[in-house]
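Asker: Residues per chain are reported as follows:
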Amino acid sequence: MTDVQQLLPCSEPVRFLEPTGTLVAGGPGEEASARGYAMPEPEALVEVWRNMVLGRRFDAQATALTKQGRLAVYPSSRGQDACQVAPVLTMTGPDWLFPTYRDSMALFVRGLNPAESMAQLRGNWHSGYDPKATQTGPQTTPLATQALHAAGAAYGMVRRGTGGVALCYIGDGATSEGDFHEGMNFAAVFNAPTVFVVQNNKYAISVPLAKQTKAPSLAYKGVGYGVRSEQVDGNDPIAMLAVSRAAFEHARSGGGPFLIEAHTYRMEAHTNADDATRYRSSDEVDEWVGRDPIVRLQTWLLAEGHIEDATVEEVRAEGEEIAARIRSIMNEDAVLDPMELFEHVYAEPTPQLREQAAMVAAEEALR
Amino acid sequence: MTQTTFAQALNRALRDELTADEDVLVFGEDVGQLGGVFRITDGLTRDFGEDRCFDTPLAEAGIAGFAVGLALQGFRPVIEMQFDAFAYPAFEQIASHIAKYRNRTRGKVNLPIVIRIPYGGGIGGVEHHCDSSEGYYAHTPGLQVVTPATPGDAYSMLREAIRNPDPVVFMEPKALYWSKEDLDLPVEREPFGQAAVRREGSDVTLVTYGPQVATALKAAEVAAAEEDWDVEVVDLRTIVPFDDETVAASVRKTGRAVVLSEAQGFAGVAGEVAARISERCFHSLAAPVLRVSGLDIPYPPPMLEHSYLPGVDRILDTIARLQWDDEPDTHHLPASDREQVSA
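First to last, the protein sequences are chains X and P. Going by full-length UniProt numbering, the first sequence opens with residue 1, and the numbers climb by one from there. Going by full-length UniProt numbering, the second sequence opens with residue 1, and the numbers climb by one from there.
In case anyone wonders, no lab produced these hints; they're calculated from the structure. Keep in mind that this is a model prediction, so the values were computed, not measured. Using N, Cα and C, we set each Cβ at its ideal position, and we do this for glycine too. Each hint should be verified, as a subset may be incorrect.
[Said to hold, decoys possible] DMTMM-like mimics (lysine to aspartate or glutamate), calculated; alpha carbons at most 25 Å apart, straight line:
#	chain 1	residue 1	chain 2	residue 2
1	P	Lys108	X	Glu340
2	P	Lys218	X	Glu343
3	P	Lys108	X	Asp130
4	X	Lys132	P	Glu22
5	P	Lys108	X	Glu18
6	P	Lys253	X	Glu348
7	P	Lys180	P	Glu22
8	P	Lys253	P	Asp317
9	X	Lys132	P	Asp23
10	P	Lys108	X	Asp275
11	P	Lys218	X	Glu332
12	P	Lys108	P	Asp244
13	P	Lys108	X	Glu116
14	X	Lys132	P	Glu92
15	X	Lys67	X	Glu348
16	P	Lys108	X	Asp337
17	P	Lys108	X	Glu43
18	X	Lys132	P	Asp317
19	X	Lys132	P	Asp21
[Unchecked claim] Covered stretches of chain P, as calculated for chain X (at least 3 residues, CB under 8 Å):
#	region
20	51-60
21	224-232
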């Protein structure tokens, strides 16, 4: 039998860094230390900070592109930067990522070509990148369905002996979906190396967490499945990296799946089409803006001398270059061939699809 | 020649594919030690090991979604849904992911997953164990939906399904599991999309599939003996892709068509087939295309299923309505109007 104590999350979210940018006095506490969450080395934290700065610039650029009509829709992850960056930077060569629609920043950090990864948001195609070549599942909109894909892929990696781990992102609302539970159960039963990261950003579109669950923490949902679980201050990049490392190590070394609940906040509306003022106050938003993960880590890195003002300027400039590159990609008019609609339904189009293709071809010829 | 049951043919197909391709994995509820509630996977775990044929937690969406992840790692999952209606929790994974993955990824990733579903009634099953659910899948682009009606087809079509690069919903008529055929296995595979003419005839085409093929053949025998109607029986075998060519050629030859399904008729596969025939064969038709189907009611309890299932009499009554004497069909009119039309 599994020792339940080994599975339970800490009684409070794991935190290394205060919102003010100073280290928590005496470290993350006995519970967290006992679980092996160790302070990462400064170089790794500089890398987390750099990617958060670039990722946020990417995110801001994407939001701006919706206003210019260059993207059909964009669900921002501003504020969730540490959650988007730290687990992805923990990934190694054989690992796979299973993102949701809100994890575009994570895809950017993973190094996907924005021209491909933004195809869905732009409206070119439902997904623009090759999941096998990038070891990244498509961004799913049916909630929590990717939890099972991650569990299956993770088990597949065990069978193939690749040593890979599947990282699966999920939102707080999606923990009410059956597939979240089935995904954790399958991952546990098959001892599949899966790291589930629940970004608890407090709202499922407009519905607050209190209407989503009575669980004391979403991390407790793992315990019933025999999944080792943890809750983390998701706006503390140091804690996110420390716990992500422990989670990947746990999964990779045969310990089975690991569930991380990252307490964070969606600073923007659900998407550019949403009006968040209808369901939350500006005071609440302001309070969370005060816990900005980038400011928090940057303050500490500067104070400790791990970066300098010049570094901040360099990375800011790098962000501007990336934003300019994305603008230029997205400002190019998409070239789409309606006949391609028929090409990827089956390996060979059915006779009925060939007939419909001929009809559309004739319509196109008259345009 | 050996007497082989439909169930034995399926089991042999699984064995031959497990042997031929080490990426084939069989999993689902009770498929391991027990060999499945219908024993289709009998002995597979014993003979191929638990890595190749294994039990899963009792969760159909879980089974289907897990298959997606395994297919991404290059495996060829063959999953079992224990009963037709128990597959509904998996519908989101099937319709939103399995069916769409190739399309969504612009052809870069295909998912060669076979979803085996025992379906249909006629075996005295209780509620939720007798649905004809093929219509839901046939309506979903990206899925191939096939249903064998003979032990030989059960073998060859399951092997073809497992080899196929795209997902296949493999509908197994429960009522046929114990049917037998003289058969020497293995038999050759054929590409999907080819209907079979099971009985040649010149007067009327009876188009059907799966559990109703045997009923159609019985009806054809009675029709020949008692009514002097020469009935051609076409077994679709694959609903998607659909073989318009064979169906239309038959109806153009006979000039009359009845479409037969066990499934309820409204908005179903039989309606689609009837529409396709009308669109393609209008000028060859001597009578409207008619349907014989199950009733538009939830599948009834075992003691009443005989009223639901289309039988020989219902089929013959429908064939009789095909304007043999140039009499208009008044079947759909209120009784008071029928005489008027006839006059």
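Asker: Which hint numbers does the structure go against, in order from smallest to largest?
Answerer: 2, 5, 6, 7, 10, 11, 12, 15, 17, 18, 21
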